[in-house]
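Taking numbering that gives the first Met the number 0, I'd label the letters of the sequence shown as residues 0 to 385.
These aren't lab readings, by the way, just hints derived from the structure by calculation. Do not rely on the hints blindly, as some may be mistaken.
Only pairs whose alpha carbons sit at most 27 Å apart, straight line, appear in this in silico BS3-like list of lysine-lysine [to be verified]:
hint	residue 1	residue 2
1	346	162
2	123	310
3	224	123
4	150	160
5	72	45
6	224	97
7	123	77
Now the in silico label distances, taken between C-beta atoms and shown as ranges [what the hints assert, rightly or not]:
hint	residue 1	residue 2	range
8	218	180	44 to 50 Å
9	341	48	57 to 63 Å
10	346	150	24 to 30 Å
11	262	82	57 to 63 Å
12	33	306	33 to 39 Å
13	240	162	42 to 48 Å
Ideal Cβ positions, reconstructed from N, Cα and C, are used throughout, including at glycine.
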Amino acid sequence: MSMSNIKIKTLTPVHIGSGNLLYNNSDFISEQIDDEEYLVIISEDKIGKLLGNKSSQFIDLWLQTIIKKEDIKQFISKFAPNAVVEDYAKRKIIMFSKVNPNDTLKECIHNGMGLPYIPGSSIKGAIRTAILASLAYQVEELDDKIIVKIKDRDDNFVPKKDKYGNILVNANQVEQKLFGKDPNSDVFRFIQVGDAYFEKETEIATRIVNLNIRQSNDNLQDNSKPQIVEAIGTEAESEFQLKVSKEYYDFVKKEYSPTGNLPVSSIGDLFRLINEHTRKLVEEEINYWNDVGKKKTGGTDYIEEMQKILKEINSCVAGKSCVLRIGHASGWRFITGAWTETLQNFKEIIVPASRPNNRNYEDYDFPKTRRLDEDSYILGFVKLTI
Numbered sequence: 000m001s002m003s004n005i006k007i008k009t010l011t012p013v014h015i016g017s018g019n020l021l022y023n024n025s026d027f028i029s030e031q032i033d034d035e036e037y038l039v040i041i042s043e044d045k046i047g048k049l050l051g052n053k054s055s056q057f058i059d060l061w062l063q064t065i066i067k068k069e070d071i072k073q074f075i076s077k078f079a080p081n082a083v084v085e086d087y088a089k090r091k092i093i094m095f096s097k098v099n100p101n102d103t104l105k106e107c108i109h110n111g112m113g114l115p116y117i118p119g120s121s122i123k124g125a126i127r128t129a130i131l132a133s134l135a136y137q138v139e140e141l142d143d144k145i146i147v148k149i150k151d152r153d154d155n156f157v158p159k160k161d162k163y164g165n166i167l168v169n170a171n172q173v174e175q176k177l178f179g180k181d182p183n184s185d186v187f188r189f190i191q192v193g194d195a196y197f198e199k200e201t202e203i204a205t206r207i208v209n210l211n212i213r214q215s216n217d218n219l220q221d222n223s224k225p226q227i228v229e230a231i232g233t234e235a236e237s238e239f240q241l242k243v244s245k246e247y248y249d250f251v252k253k254e255y256s257p258t259g260n261l262p263v264s265s266i267g268d269l270f271r272l273i274n275e276h277t278r279k280l281v282e283e284e285i286n287y288w289n290d291v292g293k294k295k296t297g298g299t300d301y302i303e304e305m306q307k308i309l310k311e312i313n314s315c316v317a318g319k320s321c322v323l324r325i326g327h328a329s330g331w332r333f334i335t336g337a338w339t340e341t342l343q344n345f346k347e348i349i350v351p352a353s354r355p356n357n358r359n360y361e362d363y364d365f366p367k368t369r370r371l372d373e374d375s376y377i378l379g380f381v382k383l384t385i
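Could you put the whole structure together from the sequences, leaning on the hints where they help?
Below is the structure:
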């Protein structure tokens with residue numbers, strides 16, 4: 000089967016991180032441009048060209064300015080008083096809130112041409128999670144399979160524990176049972192996904208906060224640990240290539256015989272499965288927050304945003320389009336597919352292994368937080384269309 004072009008549209012901001020953490024007044028500055036607040040990412044190459052033969056002197060003073068946390072804009076104006084933003088900016092990002100002196104920015108991944116993009120590996124990882132969630136129940140003795148085991152002194156296999164006495168779990172053991180034991184035998188190689196490149200200046204910067212269920216507080220919004228992230232903005236569009244090779248799947252399954260039978264012999268099948276998986280998780284989120292958060296500050300906004308996503312899911316044409324969640328701030332349930340929640344040992348084993356310092360939060364539901372931006376917009380939802 001040949002590659003198919005898939006349209007991808009961001010329903011909410013999407014952040015796929017580059018791994019770089021940028022610092023205010025050294026890696027970026029804030030600028031007011033035409034009544035809009037922007038974060039301006041500094042380009043050292045551009046500044047070097049701007050300064051010309053002053054560049055050797057500039058390097059020492061640049062470092063001193065950063066160390067002393069002095070004003071970078073004033074520093075640039077000393078060397079190049081006529082410089083405008085385009086002369087020293089790698090890119091400009093619309094910022095939807097005020098920038099504080101100690102703020103840092105989680106950078107979005109870009110290619111060599113400076114285009115923000117969603118890697119095919121990230122899309123494929125989210126697809127893999129959706130399929131895993133639909134198939135995990137085929138694995139016999141699933142509660143036991145997810146537990147990490149080691150040999151004791153008598154060569155018996157016993158659960159491995161961390162330093163707090165919590166039993167360790169590993170979903171990879173279930174994945175290997177379903178999809179194959181290693182990359183060479185992985186049935187999932189039958190799905191090939193390309194990168195989705197977006198246009199320049201589709202990026203935004205937004206401050207992420209938590210919805211935190213606290214027993215003694217009716218305000219769910221927790222602003223104690225805010226983080227600015229760069230993301231591809233809402234309603235940005237691109238295309239990527241996708242191939243579902245039934246022939247390759249049949250070959251690998253026959254050769255390596257992993258357990259399970261993937262119900263996705265075509266892109267249409269794949270889109271149906273993804274959409275139903277996302278619908279299930281979104282409906283469960285809405286139901287949960289209707290019980291927990293409707294009467295608390297911040298909960299209603301979150302429910303309304305999830306209801307908008309559910310409307311998008313329900314509008315998808317079966318086999319032709321679907322909604323997928325991907326990237327930073329997607330939350331534990333969407334990242335894992337939430338399939339472990341039906342296991343009998345979920346509360347006793349899965350939760351303690353998944354939540355640091357669980358003993359301090361045993362009276363709370365799991366997961367107890369959701370991440371969204373300070374205007375209550377959630378992150379990570381995209382719509383795929385053939």
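Verification of the supplied hints:
Our distance criterion of 27 Å between C-alpha atoms is met by residue 346 and residue 162, whose separation comes to about 19 Å. Our distance criterion of 27 Å between C-alpha atoms is met by residue 123 and residue 310, whose separation comes to about 24 Å. In summary, the hint linking residue 224 to residue 123 is not supported, as the alpha carbons are separated by about 30 Å, beyond the 27 Å threshold. Our distance criterion of 27 Å between C-alpha atoms is met by residue 150 and residue 160, whose separation comes to about 12 Å.
Our distance criterion of 27 Å between C-alpha atoms is met by residue 72 and residue 45, whose separation comes to about 14 Å. At most 27 Å may separate the alpha-carbon atoms for a hinted pair to count; residue 224 and residue 97 meet this at roughly 15 Å. Proximity of residue 123 to residue 77 is assessed by CA-CA distance (about 49 Å); at most 27 Å being required, the pair is judged violated. Separated by about 48 Å at the C-beta atoms, residue 218 and residue 180 satisfy the suggested range of 44 to 50 Å.
Range check, residue 341 to residue 48: Cβ separation about 59 Å, and the 57 to 63 Å hint holds. Separated by about 28 Å at the C-beta atoms, residue 346 and residue 150 satisfy the suggested range of 24 to 30 Å. Evaluation of the 57 to 63 Å hint for residue 262 and residue 82 yields a pass: the beta carbon distance comes to about 59 Å. In this structure the supplied range 33 to 39 Å holds for residue 33 paired with residue 306, their Cβ-Cβ distance being about 34 Å.
For residue 240 and residue 162, the hinted distance range of 42 to 48 Å is satisfied, since their beta carbons lie about 46 Å from each other.
Hint compliance for this structure: hints 3 and 7 are not met, and every other hint is.
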